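Let the sequences and hints guide you as you build the complete structure.
If you're matching them up, the sequences are chains A and B in order. Going by the working numbering, the first sequence wraps up at 855, each residue one higher than the last. Going by the working numbering, the second sequence wraps up at 1290, each residue one higher than the last.
None of these hints come from the bench; they were simulated from the model. No experiment lies behind these values; they were computed from the predicted model shown. Any given hint could be a false lead.
To be verified - Here are the simulated lysine to any residue pairs, SDA-like style, with alpha carbons at most 25 angstroms apart:
id : chain 1 : residue 1 : chain 2 : residue 2
1  : A       : Lys-436   : B       : Glu-1065
2  : A       : Lys-220   : A       : Val-329
3  : A       : Lys-180   : B       : Glu-1092
4  : A       : Lys-180   : B       : Val-1045
5  : A       : Lys-269   : B       : Lys-1008
6  : A       : Lys-71    : B       : Ala-976
7  : A       : Lys-180   : B       : Arg-1089
8  : A       : Lys-566   : B       : Asn-1224
9  : A       : Lys-436   : A       : Ser-188
10 : B       : Lys-1078  : A       : Ala-155
11 : A       : Lys-206   : B       : Arg-1089
12 : A       : Lys-180   : A       : Cys-424
13 : A       : Lys-436   : A       : Glu-455
14 : B       : Lys-1008  : A       : Cys-424
15 : A       : Lys-566   : B       : Glu-1092
16 : A       : Lys-269   : B       : Gly-1117
17 : A       : Lys-566   : B       : Leu-1011
18 : A       : Lys-48    : B       : Pro-955
19 : B       : Lys-1008  : A       : Leu-147
20 : A       : Lys-566   : B       : Ser-977
21 : A       : Lys-48    : A       : Asn-32
22 : A       : Lys-546   : A       : Asp-575
23 : A       : Lys-71    : B       : Gly-959
24 : A       : Lys-84    : A       : Glu-521
25 : A       : Lys-766   : A       : Gly-749
26 : B       : Lys-1158  : A       : Ser-265
As the list claims (entries may be wrong) - With beta-carbon atoms standing in for the labels, derived distance ranges:
id : chain 1 : residue 1 : chain 2 : residue 2 : range
27 : A       : Gly-213   : B       : Lys-940   : 40 to 48 angstroms
28 : A       : Met-681   : B       : Ala-1290  : 54 to 62 angstroms
29 : B       : Gly-1068  : A       : Glu-331   : 50 to 58 angstroms
30 : A       : Ser-528   : B       : Lys-1078  : 25 to 33 angstroms
31 : A       : Glu-103   : B       : Glu-1072  : 26 to 34 angstroms
Claimed, not checked - Coverage of chain A stretches by chain B, computed from C-beta distances (three or more under 8 angstroms per stretch; other residues unrestricted):
id : segment
32 : 106 to 120
33 : 570 to 581
Ideal Cβ positions, reconstructed from N, Cα and C, are used throughout, including at glycine.
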Amino acid sequence: MRPLVWKKVGAGLALLGLGILGAESAPGGAPNYLERYCVDCHDGDTRKGGLDLTALSLNFEQPGVFETWVKVHDRMAAGEMPPKKKTRPPEEATRALLHGLQERLQREDVARRAQDGRAAVRRLTRVEYQNALRDLLELPYLEVAELLPQDGQRAGFDKLGEALDFSEIQLNQYLAAAEKALESATCSQKHPPASKKERLYPNWIKFAQALQGGDGLLLKGLERDPRFALVKPEMKKGDRFEGNGIRRADFVKSNTQPVGLIRSSDPSKYRSFFYAAPESGEYRIRVSTWSFFLDRQRVCANDRTEVAALWSTNRLLGYFDAPSLAPKVQESLAWMRVGDGIRFETETVRHANGDIAQYSGPGIAVDWVEVEGPIHAQWPPASHRILFGDLPLEEPGAAAQSKARPEAQKGVTPGKEKAVRVRCTVTSKAPLEDAKRLLARFLPRAFRRPVSDAEVGRYVEVVRRSLAGGEDLERALKNAYRTALCSVHFLFREEQPGVLTGSALATRLALWLWSSVPDEELARVGASGELAKPEVLRVQVERMLKDPRAERFVVDFLNQWLNLRKIGETTPDRDLYPEFVPYLQDAMVEESRAYFGELLRGNLGVEHVVAGDFAMLNGSLAALYGIGGVDGHAIRRVQLPKGSERGGFITQGAVLKVTANGTTTSPVVRGAWFNERILGMTLPPPPPNVGSVEPDTRGATTIREQLEKHRRDASCAACHERIDPPGFALEAFDVIGGQRTRYRSLGSGTPVSGLVRDGQRAPHYKEGPAVDCAGKLPDGRPFANVNELRARLTADPDLLAKNLLSQLLVFATGSEIHFADRLALQRLVEQSRSEGHRVRSMIHLIAQSELFRSK
Amino acid sequence: MSISRLVTSGPAALSRRGFLRAAGIGVGLPWLEALVPRSARGAVSGRAPNRMVCVMTNMSMIPQNFFPKKAGPDYEATPYLEILKEHRAHFTVCSGLSHPGVDGAHLTEKCFLSGAPHPGASHFRNTISMDQLAAERMGRETRFPSLVLLAGKRDLGLPSVSRAGVSIPPESDPVALYRKLFVQGSAAEVAERMADLRRGRSVLDFVREEASGLRREMGARDKERMEQYFTSIREMEGSLQAAEAWEKRPKPGADFREPKEGPDEVHVEEQTDLFYRLVRMALATDSTRVVSLYLGPLMITPKIAGVTTQTHGLTHHGGNAEKLDQLARIESAQFRCLERFLAGLRSTGEGGRSLLDQTQVLYGSNLGNANSHDTTNLPILLAGGGYKHGQHLMFDRVNNTPLANLFVNMLQGFGMEVSRFASSTGTLRGLEVRA
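Next comes the structure, spelled out in structure tokens:
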């Protein structure tokens, strides 16, 4: 067998174009290199690591071949191959081989790019699609993303063409989503619905039940209503307030006094007000709320500001501060659909147990809620004007009268419908001319480029045919718009290999920084070609970052880069983490977003990814982090105390939560996250049949002890020496991001003294085994805790910068970092270094880079 | 009993619903004939059709409550199998099965029926799932090539995967499902739906032509990617045509009334039961022959006696006895639902051939052990479909047998000539068709 193998490898090397090495000039003989040092393990029989060099093709057209050679190159370049234990080839030989390989791969990749460009053609992601429709139609509250199937991912992002498949399902849903959007955009009434203002008091049935069930008390001013006796709730027939001294008939729909609540509601007892939105639209909502501390039947001052919320089914209308004994009136603007109700939730006061008579803990009072709306800035709404301009709205003529569709009045109690309103529709004396005018305005925005008359004409033809087929003008126009919204020109990012056209560049920018399509200004400088000028591009990037739409970039990028989209996937165990409330989870995500926003705004250094002397906190987060002096819902910049183990994304609640499972933490999971997202490493999947660790909350063993066994195995240790260390440092933080020195246990351990704040019972959990955060970096340097790890990382800002630049590049361009991009990336790192590795500057660097400006 | 006596059409068949409701489902009615007006039926071939139901729960099962220790027909019933004891002769329990290389904890949900390896890898691409392969073969012979259903809550990709590698969005509203299957609507509504289907076809005509021009300007790789777009258009044109044809035919009736609203998702047992009833009805009326049902109670705190914690938290029980107890309550409820489903299938049918005999029911989970997120040794059960059942097929716990082997059996049982699927190495040893 041997000679055959040799021959093959030899032939392979010749093909590889290693002629440049010259067999003679390379010490040890280059063609002999692989056969001498590699094929012992990497042949057809042993196939170590799944690699058989004797069978590895040199036909780079074949899928996977190029990638495998890149891997060979990288392992050798990193000095990992040939392995340290085996005979080492002379260094020059390795260097020469690497050089040859590098040139060949580079050439191959450049050729590929010339033909196809770096980035594959791709459709919009579902986030981009929804935003695009919201912006195009000026429907800021439109929800169509959930109609679409989940997007695929590659290299951690959903922005890559290779992962954004198109299928019948997709197309089917695009048809449905476009229809929904157009329907939402269309107005069918001549006059706006009257706006109404209503004041609601906490007096509907569920509030009565809260009072009755020991979840709340009736207040008068800032005191307990003396008529209301706090008694242990008992099941009473006929739902009477007997024990409380208040008659239900006096309360329901007539009470105007505040109600204090000491427990959150579950879905079966949502504290709803007596309200149903009369129309779909935007509403102004005001609420008066405050908090108190109930100390054995006395309403006293609370030691912090609580947070209340108003919800409409599962949509948040707003969070509101509830300061101690000081009613505060706050306001928010929110969208409600017709029939939507409003409910009150005590976000920071959740798990009180036991009866109210004995309760010692915080509560939140609500005085009233005011709803005003629907609010319409103009009529017909902007969305309608985009589709139909100023075409007059008329009641259908006598002929069509019989076909007139009555308006649906969803959510309105049967029997209480208002007089059926006739659906008006747009009319025109010159329908095709109007269609042409409207489409000529709409299509360039939807397609993000100038649109020729001929192209507009084809869409006008759709209108003409629909009209000829007996459909009314509104429907006929909608048919054309719907066609445009299912067209490749809308759904796909169109780019030609080479330098991007101005319009394509504008689209790329908009998809990156707004997760949407360009606005008129950006489209204009794109179409005119101005955008190709570096200074114009710079001005536009600045403008875009300052625009509120840039928040979408922050959300979408962090969702993917840091995996924050998984934040809701686990709910922390209630016995182990009684202090966790869903509101805290929202705050965590807001913290990370606000932090990234701060890095962008202040153009701060890249070391802030892992370290920093400030954090973006609100009251709940500060309490979780053990930092005093921060109160209420608003997130603000807070200086961290000296010696704090917090700082950077890596110790933020959201990150610590998405890297845990709700019950336990694993250094492997957190380590893998850290390596991939912060250090920019690619980790191989675990080999088959490795078994898995069964987490233990009985306090018997720690995860570290369990892993030790694993790590003693040399074949496991090779990877885990790299993966685990950052995870060890982060063991100092529990599954919700609280700091710990001992693991919480539900079995053996030291009982915990003190009470859970929002209740009156001692926690269920005990203090289990001690946490050990020490570790060793792969290069052998030890660290004792996360701050020492931090110091090691911030000493190498190039590494952090290279990672952030890579992540941003993949997200911005929709392409992985290819072999041939490495030099360009290295240049970006150097440029970035010369500017002090600052985050906002990095955005500009990327926007100006050749990688971003070419397909 | 003479079949012809019960063959009716249109309104007469619907009026029979009252009778069927009164009679219940236990009397072995000639279901297909009674419930399906002739004109509503697909091109049903002479012999009784094959059907397939795949049920996956995403919360695993406590291994010791499910897996028997002993192999063969004399296995001792474990707590969960005890719930199914009435049907012991009608199912096979399997151990030592998994999908090789399918790792990544919850991410493996979308691979349960496809067997595509490493869903967490950055270059992962899913492949067609077994149920959808079967649905492809059915084409549009039935009103719905397949039903993909979700009882519960989940926003991860689900295991029914199209040929293009896309997880099919599930129907999770039982009332909407009922309407889709059994409610015709007024003439005006039908006309509006027809008009909309035609509008859809006009859109497709237009965008196909428009995109053809674009293709000429693209590089080879992009051209290849754009093929997906054209394939989608072609497929969807076919679907819209078929939908139009089906829209013209009356829908079958069901033997129970349209539910006012679906049970709240926390009422896991009631909700699952309702879905199972709808599945049984969909099969009985030959509205479809392929159903996939996902049970996703993971993010819910089910309203089940003794359960106070969200399911996901319970699955990470860390060995805690109280949590294991609560977890077992949820899993038992799921088995009670399965029990009632199997009973329903068994009592539907006639002439000694029950609907269960004609339906392969796969029941399992993508996790072998939720506490460790282990994706090997998956709990798997196969009921009905005309196999020799009543046994425990035990395979190696360390070197698992590919679950795809069982899928090959099932596809063959569905009448397809396949010898391989995903990572299969053959068919499942010991699983035989009843003569």
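A quick look at each hint next to the structure:
1. A:Lys-436 with B:Glu-1065: holds (18 angstroms)
2. A:Lys-220 with A:Val-329: It holds: about 17 angstroms lies between the C-alpha atoms, which stays within 25 angstroms.
3. A:Lys-180 with B:Glu-1092: Distance of about 21 angstroms is within 25 angstroms: holds.
4. A:Lys-180 with B:Val-1045: holds (19 angstroms)
5. A:Lys-269 with B:Lys-1008: Holds, at roughly 20 angstroms.
6. A:Lys-71 with B:Ala-976: holds (16 angstroms)
7. A:Lys-180 with B:Arg-1089: Roughly 23 angstroms between the alpha carbons, so the hint for Lys-180 of chain A and Arg-1089 of chain B holds.
8. A:Lys-566 with B:Asn-1224: Status holds; Cα separation ~21 angstroms.
9. A:Lys-436 with A:Ser-188: holds (22 angstroms)
10. B:Lys-1078 with A:Ala-155: holds (22 angstroms)
11. A:Lys-206 with B:Arg-1089: violated (53 angstroms)
12. A:Lys-180 with A:Cys-424: holds (18 angstroms)
13. A:Lys-436 with A:Glu-455: holds (11 angstroms)
14. B:Lys-1008 with A:Cys-424: Violated: Lys-1008 of chain B and Cys-424 of chain A sit about 39 angstroms apart, past 25 angstroms.
15. A:Lys-566 with B:Glu-1092: violated (36 angstroms)
16. A:Lys-269 with B:Gly-1117: Measuring from Cα to Cα gives roughly 18 angstroms; hence the hint holds.
17. A:Lys-566 with B:Leu-1011: Holds: Lys-566 of chain A and Leu-1011 of chain B sit about 10 angstroms apart, inside 25 angstroms.
18. A:Lys-48 with B:Pro-955: Between Lys-48 of chain A and Pro-955 of chain B the Cα gap is close to 19 angstroms, so the pair holds against 25 angstroms.
19. B:Lys-1008 with A:Leu-147: Holds, at roughly 15 angstroms.
20. A:Lys-566 with B:Ser-977: holds (17 angstroms)
21. A:Lys-48 with A:Asn-32: Measuring from Cα to Cα gives roughly 19 angstroms; hence the hint holds.
22. A:Lys-546 with A:Asp-575: Roughly 44 angstroms between the alpha carbons, so the hint for Lys-546 of chain A and Asp-575 of chain A is violated.
23. A:Lys-71 with B:Gly-959: holds (23 angstroms)
24. A:Lys-84 with A:Glu-521: violated (59 angstroms)
25. A:Lys-766 with A:Gly-749: With a Cα-Cα distance of about 5 angstroms, the restraint between Lys-766 of chain A and Gly-749 of chain A holds, given a limit of 25 angstroms.
26. B:Lys-1158 with A:Ser-265: holds (15 angstroms)
27. A:Gly-213 with B:Lys-940: 40 to 48 angstroms: Because 41 angstroms falls inside the window, the suggested range holds.
28. A:Met-681 with B:Ala-1290: 54 to 62 angstroms: holds (58 angstroms)
29. B:Gly-1068 with A:Glu-331: 50 to 58 angstroms: The hinted range 50 to 58 angstroms holds for Gly-1068 of chain B and Glu-331 of chain A, with Cβ atoms some 52 angstroms apart.
30. A:Ser-528 with B:Lys-1078: 25 to 33 angstroms: Holds, at about 30 angstroms.
31. A:Glu-103 with B:Glu-1072: 26 to 34 angstroms: holds (32 angstroms)
32. 106 to 120: Since 4 is at least three, the answer is holds.
33. 570 to 581: holds (count 6)
Checked against the numbered hints above, the structure violates hints 11, 14, 15, 22 and 24; every other hint is satisfied.
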